[in-house]
Amino acid sequence: MSRLAVCCQGLVKRYDRGVVAVDGLDLDVATGECFGLLGPNGAGKTTTVEILEGLLEPTGGRVEVLGSTWSSDPRALRQRIGVSLQQTHLPERLSVAEILTLFRSLFERGREPSDVLRAVSLEEKRAAWYEQLSGGQKQRLAVACALVGDPELLFLDEPTTGLDPQSRLQLWDVVEGFKQSGRTVLLTTHYMDEAERLCDRVVVVDHGKAIAVGTPRELIASLGGQEVIELALGAPADEAAAAGLASVPGVRGVRRVAEGFALAVERLHLALPAVLDHLRAGGSELRRLSTRHATLEDVFVSLTGRGLRD
Amino acid sequence: MTDRRSALFELTLARLRLFFREPSAVFWAFGFPLVLSVALGVAFRNRPPEPVRVAVQSGPAAERTLSALASPLVKGVVLDADAAGRELRSGKVVLVVVPGETRTYRYDETRPEARLARLLVDDALQRAEGRADVTRVSDERVAEVGARYIDFLVPGLVGLNLMSSGMWGIGYSIVEMRTKKLFKRMLATPMRRSDFLLSFIIMRAIFAAIEVPVLFGFGRLAFGVRVFGSPLLLGALCLLGALTFGGLGLLVASRAQNTQTVGGLMNLVMMPMFICSGVFFSTSNFPERMQPALRLLPLTALNDALRAVMEGDGDPARAVGGPALVLGAWTLASYAAALKLFRWR
Chain A
1 MSRLAVCCQG LVKRYDRGVV AVDGLDLDVA TGECFGLLGP NGAGKTTTVE
51 ILEGLLEPTG GRVEVLGSTW SSDPRALRQR IGVSLQQTHL PERLSVAEIL
101 TLFRSLFERG REPSDVLRAV SLEEKRAAWY EQLSGGQKQR LAVACALVGD
151 PELLFLDEPT TGLDPQSRLQ LWDVVEGFKQ SGRTVLLTTH YMDEAERLCD
201 RVVVVDHGKA IAVGTPRELI ASLGGQEVIE LALGAPADEA AAAGLASVPG
251 VRGVRRVAEG FALAVERLHL ALPAVLDHLR AGGSELRRLS TRHATLEDVF
301 VSLTGRGLRD
Chain B
311 MTDRRSALFE LTLARLRLFF REPSAVFWAF GFPLVLSVAL GVAFRNRPPE
361 PVRVAVQSGP AAERTLSALA SPLVKGVVLD ADAAGRELRS GKVVLVVVPG
411 ETRTYRYDET RPEARLARLL VDDALQRAEG RADVTRVSDE RVAEVGARYI
461 DFLVPGLVGL NLMSSGMWGI GYSIVEMRTK KLFKRMLATP MRRSDFLLSF
511 IIMRAIFAAI EVPVLFGFGR LAFGVRVFGS PLLLGALCLL GALTFGGLGL
561 LVASRAQNTQ TVGGLMNLVM MPMFICSGVF FSTSNFPERM QPALRLLPLT
611 ALNDALRAVM EGDGDPARAV GGPALVLGAW TLASYAAALK LFRWR
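Order-wise, the sequence lines are chains A and B. Using the numbering used here, the letters of the first sequence correspond one by one to residues 1 to 310. Using the numbering used here, the letters of the second sequence correspond one by one to residues 311 to 655.
Only chain B is shown next, with the shape it has when bound in the complex:
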């Protein structure tokens, strides 16, 4: 106990200890994003192509037609006219083949699957009946790393995690300290207020330095998600994101007098970004008119920048500059406003 360390060091150490002694906080910060990425990665994994299901209406030529269809892309059954009609209506088969002098295909044209079946079936039958290809073709099948859903998802989850742990980690603990009058107690000492606030920011930076490699490392090991651009730039962006959302957490918590209020405020701030900032699906799903506004959201900016670095195409400064500017502006504005509004008791 003799070696006395600085107030800032002790304040930061206390924040770290308090965090790691709260198992649920540790789970929400580190465990939950991993569980989420596993669940989503499994749900949206790239599957082998599903065969289309078709029926051949029973009759003299039915069996011959069925054997001509044999292919991994088509799954056929022979059914009588009634049963075939029923299965078509209920969607169990997408196309019914009625063999005959003039072969009839019965299907719903508005279903892409049915149109695909029509092409596959007709191609297979015509070929079996002697039609020859004019040009020789060869198929090259690709599943490019970087273009899969999980490649889209991982940077989105990193952004989401930086947002939620930044806001909860700072906002919630500040309000809790305020309600427990711990602020007042600290203010009765010669503590510098700047040291106190800085300890939260340092804690966020330290956590970001743990959270982000954990998520990216997991993405790499479990799904082979790769970063094609500069890892250094990626790290810097994550740090900037951590500071931005730390500032927003501070702002949201600057006046709230109890944890319910701050919880509501945080959900109010985070919910729109949860949906609109391209975490789980691309922002391009929203109308063109909304795009400029969406790009100004801090989480959209962070996610866009992270994805640009991960894809690694083109000039990184050009791709990342705009979003980084947006993040920087949010950071400065939120700290300035938080310091102005902050209620110390």
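The shape of chain A in the complex, shown without the other chains:
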């Protein structure tokens, strides 16, 4: 057990009026890995993470973080974890350096605030008030506040939601820097590219349940095909057309999308000509066709029948 940074079994969180946010979730996060909780809004990711952070009481289930439980010695445990909440509004009129010094003072051990500022590339902003920072800078400061206690385990809840691409890349660099020191990261996201880039393993969560666990590569491989053909036809995208496409050799899965079909295929160079032959034989007019690599988004859709942002 000691190799696990986080371990929870049968985690349940029920709110008043019978809303079940987490519905029997099992998680194992190994020390040193970056683990992602993936799922749409409302899947129960934040509730799960806040239970693991010791901020919410679970209704049921067992939680162990860094080998101890939240009931034994919460302050000692808080000393060892770093937390970045989904939304943190830090005090508007404190400077970056003041906020970081304040957070540092709350920990018994930790890093020099100036080191952490360098790690998140905010040295130039050290004298700026929080209210003067851009969204990306605020988010990096929030992560800096999580890093300043020199944690063994870092929780990041939707670290890049709402950020521009440049800011996301900067934040990913910060997380990768932390990973390189051999410590554990647990993050939630609904961005598949973020999970694919940062996470060693992910769990796909929907309606408070884990519906798939594995490395991003494993999950994509579970689709049966690594590539996706998206096409739109002149004819209506009906059941018959779908069944026809599914029978084409090399096509591992068919699902309907807005204007046509998305086909999961193996060996694109063989499957694509077969699909085109099938369409020509059926006399269907091809309006549009594109191909791409399969992503975790496809995994989620194939598991739930819904898109991540539906």
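If you are wondering where the hints come from, they were derived from the structure by calculation, not from laboratory data. Careful, some of the hints might be misleading.
Coverage of chain B stretches by chain A, computed from C-beta distances (three or more under 8 Å per stretch; other residues unrestricted) [claimed, not checked]: (1) 315-321; (2) 326-338; (3) 490-500.
No more than 20 Å apart at the CA atoms, straight line, and that leaves these computed lysine to any residue pairs for SDA-like [stated by the list, open to error]: (4) B:Lys494 x A:Glu123; (5) B:Lys490 x A:Glu123; (6) A:Lys138 x A:Glu123; (7) A:Lys138 x B:Met496; (8) B:Lys491 x A:Ser95.
We put the CB at the ideal spot given by N, CA and C, even for glycine.
With chain A's structure known, arrange chain B on it following the hints.
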């Protein structure tokens, strides 16, 4: 950045910085009470006595009567009967003198001013006509420092200020932090909750130590308001008051989920004391039956104690003991209840 200070120190420092970087908060805490005391001090300053206005009805003896009335306390005019009647009805003069064999005074007896005019006018005219005083008298006019309205007002404003800045300063910022989820963020660190709450209390004590001397100093410089009792005791009472209202602020904010709610709750708590606790006028204006209840209000207790020390008469322990006990009880009760009810998210 290398010298690391304690969490309590940093938390308090953050509270102080946040306060002084909010210009409106600084104004409401320090500027507003000064403006208020200037305005009220000017409005209720001790004026020289106003002369009473009287009319002499025109006739052969009118001018002689008028010159006999000449005095700084009486301002007379000669008017014909119609005009004199009109001015009397509209209150421009309070008394009409009709000279004659039998002199007639026409006035409204229910008006104190008119009765005063009747006495002054009759005295002046009788004297001019030869009446002599039986006993020699001399007048000594006094305007005692300590007995003026401003002397009553300044301790009331100090109490009011301790109440409103204590409740707003603590209540509002706590609820704001709660709505911004800053609490949750702080709770995810190894911070001691007691350090966090204590930083608010320390901040209140520091502000009280600034606010109170500013107000008293201003009262002294602008109006010559003096403290006759022990300044040390006065300071201790102010500190106790700051802690009491800090506790009430904490209690009011312990559950409120947004700033509108806490604003409403604070007004609900403060409004009755604003009126009933002897800030602008004495509590003795309320019926005798209400007095015991009024004395139990924390602001009444604070104001009573402050005034007792400022007047400095009698045994201070006796005058201040009761109110101090009331304040202490409110302080303990509000902190105990606030800690029990406090919602950390």
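The hints, checked one at a time:
1. 315-321: holds (count 6)
2. 326-338: holds (count 4)
3. 490-500: holds (count 10)
4. B:Lys494 x A:Glu123: violated, 26 Å
5. B:Lys490 x A:Glu123: Given that 20 Å is the threshold and the Cα spacing comes to 25 Å, the pair is violated.
6. A:Lys138 x A:Glu123: Status holds; Cα separation ~13 Å.
7. A:Lys138 x B:Met496: The given pair, whose Cα atoms are some 16 Å apart, holds under the 20 Å limit.
8. B:Lys491 x A:Ser95: This hinted pair holds, its Cα atoms lying about 19 Å apart.
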